[in-house]
Each structure stands twice: as C-alpha cells, then as structure tokens.
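Kindly generate the complete structure, drawing on both the sequences and the hints.
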Amino acid sequence: MPLEFPLNLIHYDEIAENCNLWRNFDDVYSNWGSILSIIDFQAENQEEIAKVQKPGAWNDPDMLVIGNGNLTMEQCRSQMSIWCIWSAPLIMSTDLRILKAQYREILLNKKAIAVDQDPMGKFGKRVYKEGDLNIFSKPIQPIEGEKTSLAIALLNRNPDSPIVCFILGFH
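When the letters of the sequence shown are read in order and numbered with the working numbering, they come out as residues 7 to 177.
Wrong hints could be hidden among the right ones.
[As the list claims (entries may be wrong)] Simulated crosslink set (BS3-like; lysine-lysine; CA at most 27 Å straight-line): (1) Lys106 x Lys60; (2) Lys117 x Lys153; (3) Lys57 x Lys117; (4) Lys135 x Lys106; (5) Lys117 x Lys135; (6) Lys116 x Lys153; (7) Lys57 x Lys135.
[Said to hold, decoys possible] Taking CB as the label site, the calculated pair distances span: (8) Ile21 x Lys117: 25 to 33 Å; (9) Ile119 x Ser143: 31 to 39 Å; (10) Gln108 x Lys60: 30 to 38 Å; (11) His17 x Lys116: 34 to 42 Å; (12) Ser143 x Ala107: 25 to 33 Å; (13) Ile97 x Lys60: 16 to 24 Å; (14) Lys60 x Asn162: 26 to 34 Å; (15) Gln108 x Arg163: 15 to 23 Å; (16) Glu150 x Ile104: 41 to 49 Å; (17) Ser143 x Ile97: 22 to 30 Å.
These aren't lab readings, by the way, just hints derived from the structure by calculation. All figures in this text were calculated on a predicted structure; none of them were measured in a lab. The beta-carbon is built from N, C-alpha and C at its ideal position, and this holds for glycine as well.
Listed below in structure tokens is the structure:
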C-alpha cells in the first residue's frame with residue numbers, strides 16, 4: 007500500500023475485510039480519564055467505524071477494566087454500557103476468581119450482554135452531546151418493517167454530578 011498523508015489515516019474497510027477484530031487507539035488504563043479518551047476517539051470516528059463493523063468484523067475499544075479497583079461503580083456501569091452499545095468484544099482484565107459481587111453483577115448483566123451481542127452487530131453512535139451529557143443509540147432487533155428497535159445509553163461524564171434528568175419523547 008502506498009504511503010499516504012496523514013500517516014494516521016485508518017483504512018477501516020481494508021481492516022474489516024482482513025480482520026475479525028481490530029484495535030485502533032491507545033491502551034485502556036483503569037482510570038476514568040483513559041476510558042473517556044477511548045469514548046471520545048470512538049465517537050469522533052464513529053461514521054467510519056459504523057460503516058464496516060458487522061458480525062465477523064468487530065472494532066475493539068480494548069478491555070473492560072471493571073473490578074480493577076480504580077473506578078466508581080457508576081464509572082464501571084458506564085464502561086459496560088458504552089462497550090455494549092458499540093457491540094464491542096467484552097474482554098475482561100480482572101482476576102475473576104477474586105472479583106467482588108457488585109462487579110460480577112455488572113459483567114454478567116444479561117440485558118447489557120444482549121445489547122452487546124445483538125445479531126445485527128451494529129456499532130452504536132453518539133447521537134447527542136451537550137456539556138457532560140452524551141447519548142448513544144444502537145439499532146437492535148426486533149425489526150418491524152423498515153423500523154428497528156433501539157438501545158439507548160446515557161453517559162454523564164461528570165463524576166461530581168451523578169444525576170441527569172431528561173424527557174424522552176416518542177414519535
């Protein structure tokens with residue numbers, strides 16, 4: 007392949023053709039700043055990623071750091087929720103033999119895992135960003151006619167303001 011500029015140009019279509027799984031950003035560390043940087047990168051590149059992700063071709067934002075001791079419970083739930091909205095591989099980086107029950111509950115959440123493993127395998131996108139609030143949406147089954155169901159994830163990025171209120175309207 008010829009050298010192209012910018013050098014960080016990622017050919018997602020070629021990657022998806024040749025790989026079942028790929029990583030495209032920094033390693034995750036067990037802190038909220040690291041997770042937010044991954045969320046930002048994935049959201050900023052979501053159009054390119056969403057075009058090529060499908061069953062058999064998975065974008066990997068890196069491991070789940072739930073239970074490694076440096077995140078609040080809300081931050082652990084947030085990482086699990088966003089990774090599931092992205093249909094990400096749910097690879098755990100903790101010692102499961104000594105994992106505390108509250109972290110095990112997050113990692114074994116059947117509803118979250120069902121969203122992650124939805125047969126459509128879509129990459130969920132950030133559809134709203136205002137201040138510290140991000141909203142992600144992912145098409146999931148069942149499909150009725152031309153309409154799909156949606157999984158929604160709310161992310162409050164501010165650890166000092168854990169409560170977010172909003173009104174959900176249906177059309």
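Here is what the structure says about each hint:
1. Under the criterion of a C-alpha separation no larger than 27 Å, the hint pairing Lys106 with Lys60 is inconsistent with the structure, at around 33 Å.
2. For the given pair, Lys117 sits about 21 Å from Lys153 by alpha-carbon distance, which is consistent with the 27 Å threshold.
3. A hinted pair counts as satisfied when its Cα atoms are at most 27 Å apart, and Lys57 with Lys117 qualifies at roughly 25 Å.
4. Between Lys135 and Lys106 the CA atoms are separated by roughly 33 Å; this puts the pair beyond 27 Å, and the hint is violated.
5. Distance hint between Lys117 and Lys135 is fulfilled; the C-alpha atoms sit about 25 Å from each other, no more than 27 Å.
6. For the hint linking Lys116 to Lys153, the alpha-carbon distance of about 24 Å falls within 27 Å, and the restraint holds.
7. Proximity of Lys57 to Lys135 is assessed by CA-CA distance (about 21 Å); at most 27 Å being required, the pair is judged to hold.
8. Hint check: Ile21 to Lys117, Cβ distance near 30 Å, so the stated range 25 to 33 Å holds.
9. At roughly 18 Å, the beta-carbon separation of Ile119 and Ser143 lies outside the given 31 to 39 Å, and the hint is violated.
10. Distance hint check: the CB atoms of Gln108 and Lys60 are about 34 Å apart, consistent with the given range 30 to 38 Å.
11. Between His17 and Lys116 the C-beta distance comes to about 36 Å, which sits within the given range of 34 to 42 Å.
12. Taken as a hint, the range 25 to 33 Å holds for the pair Ser143 and Ala107, whose Cβ atoms sit roughly 31 Å apart.
13. Between Ile97 and Lys60 the beta carbons are some 19 Å apart, a value that agrees with the proposed interval 16 to 24 Å.
14. The hint said 26 to 34 Å for the Cβ distance between Lys60 and Asn162, and at roughly 30 Å that hint holds.
15. Here the CB-CB span from Gln108 to Arg163 is close to 22 Å, well matched to the stated 15 to 23 Å.
16. Judged by the Cβ atoms, the range 41 to 49 Å given for Glu150 and Ile104 holds: they are separated by roughly 45 Å.
17. Look at Ser143 against Ile97: about 24 Å separates their beta carbons, and that is inside 22 to 30 Å.
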